[in-house]
Every structure is written in structure tokens, then in C-alpha cells.
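Given only the sequences and the hints, what does the whole structure look like? Please build it.
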Amino acid sequence: MNWRRETRSSPLDRALQPLARSPPPSLPLPQTHAPQTHAQRPLALRTAAALPVLLTSSLLWLAFDARTEVVARALTAFAFSWLGVFKIVGLLLGRGPLSPAATGRTWTLPQFAFILTLPVSPRYGVGPASASATATRGGGGRTAPRPLHRVPSRTRVGEAAPSGLATRLRVAAGKAATLATVVALLERDRSPHHAPLPAALRPWCYLFGLYTFLGLTYDGIAAAAVAIPWLRLDLSPHFDHPFCSVSFADLCVVWPRQGVGGGAARRGAVRGLFRLSPFSPLSFPSHPNTGGAGGGT
Amino acid sequence: MGAAASLLSAPAAWRAATPFPTRAGLCASVAFVQALWVYATVAPPHVR
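Line by line, the protein sequences give chains Z and E. Under my numbering, the first residue of the first sequence is numbered 1, with each subsequent residue one higher. Under my numbering, the first residue of the second sequence is numbered 1, with each subsequent residue one higher.
Quick caveat, the hints were computed from the structure, so don't treat them as lab data. Among the hints, erroneous ones may be present.
[Unchecked claim] A short list of chain Z residues far from chain E (calculated; beta carbon distances all over 12 Å): (1) Glu187; (2) Leu207; (3) Phe208; (4) Leu210; (5) Tyr211.
[Unchecked claim] Only some residues are given here: those of chain E computed to face chain Z with a beta carbon under 7 Å: (6) Arg15; (7) Arg23; (8) Ala31; (9) Gln34; (10) Ala35; (11) Val38; (12) Tyr39; (13) Thr41; (14) Val42.
All C-beta atoms, glycine included, are put in the ideal place defined by N, C-alpha and C.
Here's what the structure looks like:
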């Protein structure tokens, strides 16, 4: 007992007792999950939390070899190192498909994970509710966040949407047939037992093969998302009449063509992110709501 | 220079030692964990 008394009353223990009873003021207190606590988190902390994700996403493509795993490497670089990074940066800045300031919508965790991890962009701006939200944003106001499940049923997936599941599957089947034809032609071209393809036809085969492969890959993901009923997620088409583009800027940067795209509802994911990342901050730096991928007016 | 060279060659060594399905699954797992982390820390509360 005397030993314990002596130990407890030592100067070192007396100096450490206040630290043991209460955490030092310099250490951050554990954050609760209360929304009001999370709402006060400054941008610097959110940016610091996002930095490891940005770094990891930027390096994920290194997991695949450049010579033997070209497709996996390219898709990973496109989906994570570019689209994913831009989506997170847009979320930090109040832009992009994940930001409620740009979309006027909230996302459930499955929807959020699906949009962030896959090369897709949600489609919004369809229906009267979203149209009013877009009009409010255009008037300078800030719309109240709206959960996706409150969207009127006639704008939900596969009902009145112009690119429902049946349309997406039909387009994907056409691209698959085209890709199979192109691959068969190129295999026949490489075979020594058959006559080679005409020189003018070979670049077209590669061109259509590349387009149909990319379209099949990404539209397949979009069709899978549309086919999941509980996800309740509609996605922008990746390729919106690409052969009607008159220039690269028309394909990627400029707003959809009048009469073809139908406004924000049919803006492609790539086009929306091109507008989100380099174009909109330079053109409209004071209007954060104009830079959404698929959002804005 | 030696440390930088070994750092640059580390991904290639890891790719050579790890089969493709393991690397693909690891990438998918990393992406999913990243999505959870971003949803919990980066996204403002009114996203949810």
C-alpha cells in the first residue's frame, strides 16, 4: 500500500493525471455522425480527407501492365485516375454529378458509390421537379436538396425516360454485333489463308471497333445500373450522337446541340466532365452551379 | 537515386508477383473503400 501511495503521489503522476482525465486540447475530438457537426467541417478538412483518395485513385492504373493488360489499365486510368478524381474534386468545389449544389439531389450510399467508382454520370434535369430546380438555380437561388426517391414516378428509370432499359439493351446489342463483325474482319485480315482487307477499310474497322468497344463497355455498365430496380439510378448516355459532332469542342466541351441532345437530360458523361473540369471554372468562375456534369442550364 | 529507382520499379515487381485476378479484386476493393470514405468524410451532409 505504501508503494502505491508513493507511486500515485509522485510528481510525474501528478503531472500526467490531468492529461489522463481529459484529452489535450490540441488533439481533435472524435467526430460524431450528427449532421450539424459534419456540416461545420471546413473545406480544408474535407480536402485533407480527400487527398489520400485522390492519390490512390491517381495510381490505381499502375496495377496493370502496359503491354499485356492494356484494356484493364486504360479503363482503370479512365475511370479512376480521371473521372473519379474529377468527381471528387467537383464534390469538394460544389460541382459535378455528386454535388447536391449542382444537381439539386441527394444520393444514397449505393448510388453514391456507384456514381463514384464507375465511369458513369447520373442523368437529371428530367421531369417537372428537376426542371423547377434548374430554373431556380438559373435565377440565382440555391435549391433545397431533394432525395432521388422523391422524383416523380414518371421520370424514373425505364418508364418515361427516353433511354430506358429496352433502348439501352437494343443499342448494346447493336454495338456487340458491330464489334463482333469488326473483330471477325480483323482476324480474317491477319489470317494468311484469306485475302487481306482493303487498305481503306482497315482504319474504319479499328475506328468502329474502338467506338463499339467503348460504347459497349460503358453502356453496359449504364444498362446494368438501369436494370437494378432498387438502385433507382438513371445515367447519362456516354455517346450522344457522336457522329453528328462538327468538331472536338462540339463533342466534348460545348453544350448539347439544340434539337439533338434535348438539353441537360442527354448530356454525356464525358462531355459533362469536360465542361466541369477545365471549361466551366474558366468561363463561369463565379457560378458554381453551372459546372455540373449534366446539371445546370 | 537508388531509392527512387526502387520506388519506380515497385509496381512492376508487384505486378509480376501478383496474379491478375488478385490485382483486379484489390483495385475494386480499394475503389469501394474509397467511395465509403468519401461518402463519410468528404461529402457534405446534405448529400445523404
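Per-residue hint verdict: Gln34(E), partner chain Z, C-beta under 7 Å: holds (5 Å)
Is the nearest CB of chain E more than 12 Å from the CB of Phe208(Z)? Since the minimum Cβ distance to chain E is about 27 Å, Phe208(Z) lies beyond 12 Å and the statement holds.
Taking the shortest Cβ-to-Cβ distance between Tyr211(Z) and chain E, state whether it exceeds 12 Å. holds (25 Å)
Go through the hint on Ala35(E) and say holds or violated, using the shortest Cβ distance to chain Z against 7 Å. holds (4 Å)
Proposed interface contact between Thr41(E) and chain Z, which counts if any beta carbon pair is under 7 Å: holds (4 Å)
Grab the minimum beta-carbon distance between Glu187(Z) and chain E and tell me whether it stays above 12 Å. holds (23 Å)
With a cut-off of 7 Å, does the beta carbon of Arg15(E) approach a beta carbon of chain Z closely enough for the hint to hold? Status holds, d = 6 Å.
Cut-off 7 Å, beta-carbon criterion: hint that Ala31(E) touches chain Z: This hint holds: Ala31(E) lies near chain Z, its Cβ roughly 4 Å from the closest one there, short of 7 Å.
Can Val42(E) be said to touch chain Z, with a Cβ gap under 7 Å? Cβ of Val42(E) sits 5 Å from chain Z, so the hint holds.
Supplied contact hint for Val38(E), tested at 7 Å Cβ to chain Z: holds (6 Å)
Assertion that Leu207(Z) lies outside the chain E interface [Cβ separation over 12 Å]: holds (28 Å)
Tell me if the interface restraint on Tyr39(E) is satisfied: Cβ within less than 7 Å of some Cβ in chain Z. holds (5 Å)
In summary, the structure agrees with every hint in the numbered list given earlier.
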